Every structure is written in C-alpha cells, then in structure tokens.
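Chemist: Hey, can you work out the whole structure from these sequences and the hints?
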Amino acid sequence: MAENTNALGEVAVGAPPGMPQLDIGTFDNQVFWLLITLVAIYFVLSRVALPRIAAILAERQGTITNDIAAAEDLKAKAEAAEAAYDKALADARAEAQRIAGETKAAIQADLDVAIEKADADIAAKAAESEKAIAEIRAGAMDAVAEVAKDTAQEIVAAMGGKADAKAVAAAVDSRMKG
Amino acid sequence: MADDAKGGGGLEFHPMDQFIVKPLFGEVGDPVHWYTITNATLWLALAVLAIIGLMVLTTSKRAVVPGRGQSIAELMYGFVYKMVEDVTGKDGIKYFPYIMTLFMFILCANFLGLIPMSFTTTSHIAVTAILGFGVFFAVTILGFVKNGASFLGLFWVSSAPLPLRPVLAIIEIISYFVRPVSHSIRLAGNMMAGHAVLKVFAGFAQVAAIAPVAIIGVMAIYGLEVLVSAIQAYVFTILTCVYLKDALHPHH
Chain A
1 MAENTNALGE
11 VAVGAPPGMP
21 QLDIGTFDNQ
31 VFWLLITLVA
41 IYFVLSRVAL
51 PRIAAILAER
61 QGTITNDIAA
71 AEDLKAKAEA
81 AEAAYDKALA
91 DARAEAQRIA
101 GETKAAIQAD
111 LDVAIEKADA
121 DIAAKAAESE
131 KAIAEIRAGA
141 MDAVAEVAKD
151 TAQEIVAAMG
161 GKADAKAVAA
171 AVDSRMKG
Chain B
179 MADDAKGGGG
189 LEFHPMDQFI
199 VKPLFGEVGD
209 PVHWYTITNA
219 TLWLALAVLA
229 IIGLMVLTTS
239 KRAVVPGRGQ
249 SIAELMYGFV
259 YKMVEDVTGK
269 DGIKYFPYIM
279 TLFMFILCAN
289 FLGLIPMSFT
299 TTSHIAVTAI
309 LGFGVFFAVT
319 ILGFVKNGAS
329 FLGLFWVSSA
339 PLPLRPVLAI
349 IEIISYFVRP
359 VSHSIRLAGN
369 MMAGHAVLKV
379 FAGFAQVAAI
389 APVAIIGVMA
399 IYGLEVLVSA
409 IQAYVFTILT
419 CVYLKDALHP
429 HH
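Those protein sequences? They're chains A and B, same order as listed.
Numbering follows my numbering, with no gaps: position 83 of the first sequence is 83.
For my numbering, count along the second sequence from 1 and bump the result up by 178.
Source of the hints: derived by calculation from the structure; they are not laboratory data.
Please note that a few of the clues may not be correct.
[Claimed, not checked] With a straight-line Cα cutoff of 20 Å, these simulated EDC-like cross-link-like pairs (lysine to aspartate or glutamate) come out: (1) B:Lys239 with A:Glu59; (2) A:Lys166 with A:Glu154; (3) B:Lys260 with A:Glu59; (4) B:Lys239 with B:Glu252.
[Unchecked claim] Looking from chain B toward chain A, a few residues come up when the C-beta cut is under 10 Å (computed): (5) Asp195; (6) Pro209; (7) Met282; (8) Ile388; (9) Pro390.
All values derive from a computational prediction rather than experimental measurement.
For every residue, glycine included, the Cβ atom is placed at its ideal position computed from N, Cα and C.
Modeler: As structure tokens, this is what we get:
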C-alpha cells in the first residue's frame with residue numbers, strides 16, 4: 001500500500017493509476033452532488049430566471065409594437081392634417097377667386113354706372129352747349145338781320161330816299177329768308 | 179517526499195492530478211463518501227452561483243432597454259430558445275427549461291474549469307454520463323409515451339428500399355444505443371484532454387530552454403480550450419435537441 005501511494009504521489013488511496021475519472025469510489029459522491037446541482041439550476045431557471053427573461057422580452061416586444069402602432073397613428077394624423085391643410089388651401093384659393101370675381105363684378109357695375117352717368121352728363125353738357133351754340137347762332141342771325149336792316153336803312157337814306165323802317169325791315173327779312 | 183527522491187531530473191508531469199476528487203475539508207487521503215463535500219461539490223456549487231449571477235441577478239432590474247449583464251442573459255435565453263424551436267419545432271418548446279438547464283450547467287462548468295487551479299466537473303465521465311444517460315432515458319421514455327409503439331418507426335427507414343430496411347434498422351438501433359455513450363464521452367473527453375494538454379505544456383515550462391515555447395503553447399491551447407468549452411456546451415445541447423426531436427417526431 002505504501003509503495004503504491006509513493007508511486008502515485010498524492011493520489012488518494014484506492015484511486016487507480018492514471019485516470020481519476022475511472023475511480024469508481026468517487027462516482028456516488030459526484031452523482032449525488034451533480035443531481036443536487038442540476039435540480040437547483042433547474043429550479044432557479046424555471047422558477048425565476050426564464051419566466052423573468054420571457055416577461056422582459058414580451059414587454060419589450062409589446063413596447064415596440066405599441067411604439068410602432070403609435071408611430072402609425074401619428075403618421076395617419078399627419079397625413080390627415082396635410083389633407084386638411086390642402087383642402088383649406090384649395091378652399092381659400094376658391095374663396096379668393098370668388099371674392100376677386102365678385103369685387104371685379106362690383107367694380108365693373110360701379111364703373112358702368114359711372115360711365116353711364118358720365119355719358120349722360122356729357123350728353124347733357126353737349127345738348128346744353130348745342131343749345132347755347134344755337135342761341136348764339138340765332139343771336140348772330142338776329143344781329144346780322146339788325147345790321148342788315150340798319151345798313152339797308154342807312155344806304156337808303158344815303159341814296160336820298162325816305163327810308164321807311166318797316167318796309168326796309170320787311171324787305172331785308174324776305175331777302176334773308178330767300 | 180517521494181516525488182523529490184524520484185524526480186531527480188526536475189521534469190515532473192502530473193497532468194491528471196487536477197482531476198482528482200478529494201475532500202474539501204480534512205486530509206488528502208480521507209475517504210470520499212457519497213455525502214462528502216469535495217472539490218467537485220465546491221465547483222458544482224460555484225456553477226450554480228455563476229448561473230444565478232448570470233441569469234437572475236443581471237435581470238433583476240427587468241429593464242426594457244437591457245444593460246450589459248441583462249443582454250448576456252437575454253442572449254443565452256434567445257440562443258437556446260431559438261435552438262430548441264428550430265430543431266424540435268413548436269411542440270419542443272415546453273422542454274426548453276430542461277435543455278436550458280443542461281446548457282447553462284455545461285457552459286458554466288466548462289468555463290469555471292478554465293480558471294487556473296480549479297476543478298473541471300464536466301471532465302469527469304461520472305458527471306457527463308449522468309447527463310448523457312439522463313437525456314437518453316428521458317428522450318426514450320418520452321418517445322414511447324408520446325408515440326406509443328410507433329416510436330419504433332424511428333428505426334424503420336421507410337424511405338429506403340425494402341430489402342435494405344432490416345439492415346438499416348440494425349444500424350439505427352446500434353447508433354441509437356451508442357448515443358448516450360458518445361454524448362457523454364465527447365464532453366468529458368474534450369474537457370479532460372484539453373486540460374491535460376495544458377498541464378503537460380505547463381510541465382515543460384519547468385525547463386528554462388523550452389519555457390517560452392511552452393508558455394506560448396499554454397496560451398494557445400488555453401484559447402482553444404475557451405472555444406472548446408463553448409462549443410462542447412453547444413454540441414451537447416443541440417444533440418439533446420436532435421434526440422428530443424426524434425422522440426417527438428420519430429418518422430423520417
């Protein structure tokens with residue numbers, strides 16, 4: 001026994017030379033503690049670690065899904081807002097066009113009225129002027145007749161005749177008409 | 179010491195000493211009973227604490243926007259969950275906690291084993307055999323409970339030509355029963371071999387002439403071992419998923 005121990009150095013009694021793995025004397029010990037270890041690991045993992053990690057992963061997945069849904073929601077809202085903006089813009093443009101048209105029509109109406117009024121004024125003024133011109137012309141004719149009568153009377157007087165004013169006037173009148 | 183007397187040359191290799199199961203308290207030669215608290219117990223307990231730290235404490239804030247620790251926990255969860263879902267389908271999801279238990283235990287035990295002076299629990303065939311045969315029996319029982327006798331259709335390759343089917347059935351049965359063995363030895367073998375190689379390189383570092391090469395070798399192998407630790411946890415888990423899929427959907 002002592003010889004054996006010496007040859008193997010510090011190898012435990014009963015251990016075969018070479019491989020301690022084949023020392024059947026330690027098997028029951030290793031198996032016993034291994035089973036305890038495995039049961040302990042199994043309970044730690046299945047009762048604590050794995051459900052916890054699964055919950056964490058599920059929660060993360062849920063958060064990501066929610067965030068994506070929220071992002072989709074916001075995107076839809078943005079699109080709706082853009083559509084509303086576009087609609088408002090189009091409405092405003094139409095409104096502006098309408099108002100411009102209306103204003104143009106109103107201005108046109110005012111203008112028409114003003115032009116009409118101005119035309120009427122111009123016509124009235126022209127009529128007035130014509131009347132005045134006619135009056136002036138009539139005045140001028142009268143003056144011409146007067147002058148002609150006076151001149152004729154003077155000429156008759158100068159000729160030595162006795163100028164009958166009425167006769168001269170009648171003669172001038174008839175001549176002027178003729 | 180006997181070692182001193184024997185190792186006159188100075189080169190001492192004890193690559194397997196790191197795998198010795200010994201009582202945590204008391205003398206080296208004390209007997210290891212089934213209830214004895216050993217270094218294996220310590221590192222199994224540390225694996226549990228690591229998992230609690232990694233999966234429970236980091237997620238205590240339940241942040242919607244995760245911090246660093248919570249991201250790791252979620253990454254682990256998502257990784258295994260997706261693996262279970264992809265390989266076994268929707269109806270395999272209810273076995274997710276068991277598969278997650280396996281994955282987290284193997285991953286944490288492998289990484290804890292990479293701490294210098296630590297004890298690698300998953301390098302022991304006793305541990306990996308329990309895991310491998312546990313998966314084997316669970317999956318087999320589940321297959322018969324879920325499918326009844328039609329679970330045996332797993333061994334009857336209906337897409338093969340009829341004369342070949344009995345031959346294939348024998349091969350399928352053999353491969354089915356080899357599964358737990360390969361499942362457990364793959365993990366234990368990878369872990370043990372890597373750690374033993376690390377120790378051998380470290381042993382060479384005792385000789386000054388080759389110490390730089392040995393230390394670079396240790397660093398390189400350590401990097402490889404980090405990779406192997408993660409990959410073996412992944413391989414064990416995905417094979418468990420594949421076996422589970424066979425149990426749930428035995429028809430090819």
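Chemist: All the hints need checking, so say for each whether the structure fits it.
Modeler: Now for the hints, and whether the structure bears them out:
1. B:Lys239 with A:Glu59: Holds: Lys239 of chain B and Glu59 of chain A sit about 13 Å apart, inside 20 Å.
2. A:Lys166 with A:Glu154: Holds, at about 13 Å.
3. B:Lys260 with A:Glu59: Distance ~18 Å between Lys260 of chain B and Glu59 of chain A Cα, so the pair holds.
4. B:Lys239 with B:Glu252: Status holds; Cα separation ~13 Å.
5. Asp195: It holds, given that the least Cβ distance between Asp195 of chain B and chain A is near 7 Å, below 10 Å.
6. Pro209: 8 Å, holds
7. Met282: 6 Å, holds
8. Ile388: 23 Å, violated
9. Pro390: 28 Å, violated
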